[in-house]
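**Student:** Position chain F relative to chain R; hints supplied.
Protein chains: 2
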Amino acid sequence: MTGYSKDTIEAALAAVSFDGDGLVPAIAQQHDTGEVLMMAWMNRDAVAETLETGRVCYYSRSRQTLWRKGESSGQSQALLAFRLDCDSDTLLLQVNQTGVACHTGRHNCFFNEVTDDGIKTIAEVEIDPKELYGE
Amino acid sequence: MTGYSKDTIEAALAAVSFDGDGLVPAIAQQHDTGEVLMMAWMNRDAVAETLETGRVCYYSRSRQTLWRKGESSGQSQALLAFRLDCDSDTLLLQVNQTGVACHTGRHNCFFNEVTDDGIKTIAEVEIDPKELYGE
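Residue numbers (numbering that gives the first Met the number 0), protein chains in the order written: chain R, 0 to 134; chain F, 0 to 134.
Bound-form chain R, shown alone (with noise of 0.2 angstroms):
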């Protein structure tokens, strides 16, 4: 994926829902295995820049900015496929994740378990956060 055409790109940004805020939250799977990396948010911004560049690229609640997923870490995530809900205001993106998804080093965010024990923690570190951020 090298990226869709100018008129693609602003059927998708016409079909999207976004809410009051502009914005749209995205699910990012690994393609092959199924396996759910995270949910992000994505405004007009950043749904045009993931598609025409095929390269994830998310909008920061936090620092209001985009956020090119991998600027920092390295760990990006390239676009397969790119899916809209049934309501338009939910977006399933299939992604070739490099590296691991979270910012905690874990493969995917959803690593915390809620168990009678209590919340567990089913992953494991793959990457120390020092590495990925650097100190």
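Note that these hints are calculated values from the structure, not bench results. Misleading hints may appear alongside valid ones.
To be verified - Calculated from the model, a selection of chain F residues having no Cβ within reach of chain R, i.e. all distances over 12 angstroms:
hint, residue
1, Gln28
2, Gln63
3, Lys129
Stated by the list, open to error - No more than 25 angstroms apart at the CA atoms, straight line, and that leaves these computed lysine-lysine pairs for BS3-like:
hint, chain 1, residue 1, chain 2, residue 2
4, R, Lys5, F, Lys119
5, F, Lys129, F, Lys119
6, R, Lys119, R, Lys129
7, F, Lys5, R, Lys119
Where is the CB? At the ideal position from N, CA and C, for every residue including glycine.
**Tutor:** Only chain F this time, still in chain R's reference frame:
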């Protein structure tokens, strides 16, 4: 899964980071195939009921009420695992879907794919919505 203890439910409610509207997005994934079925929202009561009953209950933002998945359609979701992400502001539910997840009668909600030939429907209707919801 027949439901968690009261202590566990309290611990989960304390751990989840609900947004300014008191809601948290919840992704439902079919536990054995990895298929992402849908994304919907939960409030505190929906989280508590889901954990208590072992049957997934969302919060309908349009109807502003608890939405016991399958109560109209019979297409319920049995909860097999309840996970929080690294920021505790998104949930991933491992479920066993009865029938179809989408109100359009498709197995999952993410059936619109952006392609350079337009936005294509990539999944067939498996059950006529008239059958799901009556005329």
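**Student:** Please go over all the hints and tell whether each is borne out by the structure.
**Tutor:** Going through the hints against the structure:
1. Gln28: Label violated. Min Cβ-Cβ 6 angstroms, cutoff 12 angstroms.
2. Gln63: Non-interface label on Gln63(F) holds, nearest chain R Cβ at 16 angstroms vs cutoff 12 angstroms.
3. Lys129: holds, 16 angstroms
4. Lys5(R) - Lys119(F): holds, 17 angstroms
5. Lys129(F) - Lys119(F): holds, 23 angstroms
6. Lys119(R) - Lys129(R): The hint holds at about 23 angstroms.
7. Lys5(F) - Lys119(R): holds, 17 angstroms
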